[in-house]
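Colleague: Chains as they are written, first to last, in this note's numbering: chain H, 34 to 311; chain Y, 486 to 763.
Careful, some of the hints might be misleading.
From the structure, some residues in chain H lie toward chain Y, with a derived Cβ separation under 7 Å [said to hold, decoys possible]:
{"no.": "1", "residue": "Leu56"}
{"no.": "2", "residue": "Cys123"}
{"no.": "3", "residue": "Phe243"}
Taking CB as the label site, the calculated pair distances span [said to hold, decoys possible]:
{"no.": "4", "chain 1": "Y", "residue 1": "Leu572", "chain 2": "H", "residue 2": "Trp206", "range": "36 to 46 Å"}
{"no.": "5", "chain 1": "H", "residue 1": "Thr172", "chain 2": "Y", "residue 2": "Ala546", "range": "33 to 43 Å"}
{"no.": "6", "chain 1": "Y", "residue 1": "Leu572", "chain 2": "H", "residue 2": "Pro226", "range": "13 to 23 Å"}
{"no.": "7", "chain 1": "Y", "residue 1": "Pro566", "chain 2": "H", "residue 2": "Val201", "range": "27 to 37 Å"}
{"no.": "8", "chain 1": "H", "residue 1": "Pro198", "chain 2": "Y", "residue 2": "Ala546", "range": "56 to 66 Å"}
In short, the hints are calculated from the structure, not lab data. Just so we're clear, the structure is a prediction, and the values are computed from it rather than from any experiment. Think of the CB as a built atom: it goes at the ideal place given N, C-alpha and C, for glycine as much as any other residue.
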Amino acid sequence: MRSTLRGRALFALAVAAVAAWSLAPFLWQAITSLKPAAEVAAVPVRYWPSVLDFSSYAQVFKARPFATYIWNSFVVGVGTTALTTALGVCAAYAFSRLGLPGGRAALIGILGLSLFPGTVLIVPLKMLATKAGLLNTRTGLVIAYTALNLPFAIWVLKAFFDRLPRDVEEAAWLDGLSRWQTLWRIVLPLSAPAVATTAILVFIFSWNEFLIAQTLVSRDAARTVPVGIAMLSGVTVYEVPWGQIAAAVVVTTLPVVAMVLAFQRRIVEGLTAGAVKG
Amino acid sequence: MRDHSRAGAVNWLYAAPAMLVMAVVGLLPIGYTFGLAGEYHRLALDTRFWPVVRTTLSLTAVTVALELVLGLAVALVLWSPFPGRGLARAAVLIPWALPTAVMAMAWRWIFNADSGVMGDLLFRLGLVASPQVPWLADATSAFWAIVLADVWKTTPFMAVLLMSGLAAIPDELYEAAALDGAGPVRRFLVVTLPLLKPTIVVAVIFRAIQTFGLFDLVFVLTGGGPGGRTQTIAVYAYDVVFRYQELAYGCALVVAMALCLVLMTGLMLGAARGGSGR
Numbered sequence: 034m035r036s037t038l039r040g041r042a043l044f045a046l047a048v049a050a051v052a053a054w055s056l057a058p059f060l061w062q063a064i065t066s067l068k069p070a071a072e073v074a075a076v077p078v079r080y081w082p083s084v085l086d087f088s089s090y091a092q093v094f095k096a097r098p099f100a101t102y103i104w105n106s107f108v109v110g111v112g113t114t115a116l117t118t119a120l121g122v123c124a125a126y127a128f129s130r131l132g133l134p135g136g137r138a139a140l141i142g143i144l145g146l147s148l149f150p151g152t153v154l155i156v157p158l159k160m161l162a163t164k165a166g167l168l169n170t171r172t173g174l175v176i177a178y179t180a181l182n183l184p185f186a187i188w189v190l191k192a193f194f195d196r197l198p199r200d201v202e203e204a205a206w207l208d209g210l211s212r213w214q215t216l217w218r219i220v221l222p223l224s225a226p227a228v229a230t231t232a233i234l235v236f237i238f239s240w241n242e243f244l245i246a247q248t249l250v251s252r253d254a255a256r257t258v259p260v261g262i263a264m265l266s267g268v269t270v271y272e273v274p275w276g277q278i279a280a281a282v283v284v285t286t287l288p289v290v291a292m293v294l295a296f297q298r299r300i301v302e303g304l305t306a307g308a309v310k311g
Numbered sequence: 486m487r488d489h490s491r492a493g494a495v496n497w498l499y500a501a502p503a504m505l506v507m508a509v510v511g512l513l514p515i516g517y518t519f520g521l522a523g524e525y526h527r528l529a530l531d532t533r534f535w536p537v538v539r540t541t542l543s544l545t546a547v548t549v550a551l552e553l554v555l556g557l558a559v560a561l562v563l564w565s566p567f568p569g570r571g572l573a574r575a576a577v578l579i580p581w582a583l584p585t586a587v588m589a590m591a592w593r594w595i596f597n598a599d600s601g602v603m604g605d606l607l608f609r610l611g612l613v614a615s616p617q618v619p620w621l622a623d624a625t626s627a628f629w630a631i632v633l634a635d636v637w638k639t640t641p642f643m644a645v646l647l648m649s650g651l652a653a654i655p656d657e658l659y660e661a662a663a664l665d666g667a668g669p670v671r672r673f674l675v676v677t678l679p680l681l682k683p684t685i686v687v688a689v690i691f692r693a694i695q696t697f698g699l700f701d702l703v704f705v706l707t708g709g710g711p712g713g714r715t716q717t718i719a720v721y722a723y724d725v726v727f728r729y730q731e732l733a734y735g736c737a738l739v740v741a742m743a744l745c746l747v748l749m750t751g752l753m754l755g756a757a758r759g760g761s762g763r
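With the hints as constraints, model all of the structure from the sequences given.
Modeller: In structure tokens form, the structure reads like this:
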């Protein structure tokens, strides 16, 4: 199909169309965020600002605790990623290598659990967080996100450990290393790509999560970006600050866009391993 | 080697921290939701319940069907190597990686009644009578706005899964079909589709489960409106619990949702099995 010139042009057009469709809503936010206030909601719609104006960005950081939201999202993301990866590596290694009695059933149970939408657990989760004094804290979010991301992390890491050759580990045991030492000194360095893939995906999930953040946090001090943006509004419903929202959307999504550009191949591998293996 | 035969149960210690977190923050709350649920008789009397179930099912059927078709098209375009494929794949992945709640705000702006770009674009194309279209104030167009935003967001995931399925089809089969004189369309129908079927089944079931539990996109884009007519079960249950403070009945709705989910998954699995048995 792609041998003829016409075929090749059609193919290039298809690729361009797919890319344009994927980027359009994001690009429209970027354009909106750079318009002077008077042009944001102009009728008819202006497709390009008359001058590039960054005041929406200044506004969203100055008039609102947006920097706090970003910091919270970052802290929760890093905490969740670290905790999930650490616990996930140990568990996945045990499931893959250490012949756990009942391990297979547990893995399937974990998978089944992870398929339920978050709505199924938020009401008791809020009670639990209240009892534990973790309501309105970043720690509470980290613990909840870790629990939600562990099934995925365990499945991806286990799929990777299963493919590692066993001889290296057996040689390490013969050299007198304990299982724990083998995991840390031999297996983990070999698994760096899989651990990185898992960490990237868990960070993205955590950065994007809305329902639990909305349920467990009702104060700005611990509020994360998605909830913060969804709550951005003007004095009245008729006065939604679309320029500021657009600026906030761009600032929030830019790190994710950068991660996708940098780690596209890893993300594809991780998604495939996580979903298809199951 | 000694490690596999002996002390299997002790090795559970490696998995114990992860299992504990998932049990306390995942399994326990899910179980407790069932415990909190009550007033089931109200399900039969609730005039909101069946419309909400119908909306959720329509949304699931329509978005997953569209995603499958588009995802397959994207997968076919981006699967084989070409210069710039990495960049194209990254561009396509971006919608999947961006925070749903944040992009829901972006879509709200696109569908804005007064200065939304959707109305303006369709007006310029001569498809609507005025550039000012109150998309989200009408139940039907609000429903389709959700469909568009969800399809945009999740087609990349479908495409990634289908690409992994495409990669597993051996080239020889295409070559053999070509030798038999099969054109590209026939090769697609005879080789690609049947061999891709297991992947399609997994991807469709996975996405159907996710769409059935959809919360954040609807909550932020339409708020379930106008007049609750785009509420999914998850959004409705959230409203009942957190806005109307009816804990028992809200949890009953969540339980009903979980049971519908299990039933739907079972039916889909059964249909897939029955289909391949013939």
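Colleague: Does each hint fit the structure? Answer for all of them.
Modeller: So, going through the hints one by one against the coordinates:
Hint on H/Leu56 holds. Least Cβ distance to chain Y is approximately 6 Å, under the 7 Å limit. Proximity of H/Cys123 to chain Y holds as hinted, the smallest CB-CB distance being about 5 Å (cut-off 7 Å). The beta carbon of H/Phe243 is positioned within 7 Å of a beta carbon in chain Y (closest approach about 4 Å), and the interface hint is therefore held. The given range of 36 to 46 Å is respected by Y/Leu572 and H/Trp206, whose C-beta atoms sit roughly 45 Å from each other.
One distance hint, 33 to 43 Å for the beta-carbon pair H/Thr172 and Y/Ala546, holds here, with the actual separation near 40 Å. Judged by the Cβ atoms, the range 13 to 23 Å given for Y/Leu572 and H/Pro226 holds: they are separated by roughly 21 Å. Under the hint 27 to 37 Å, the C-beta atoms of Y/Pro566 and H/Val201, about 32 Å apart, fit the expected range. Under the hint 56 to 66 Å, the C-beta atoms of H/Pro198 and Y/Ala546, about 45 Å apart, miss the expected range.
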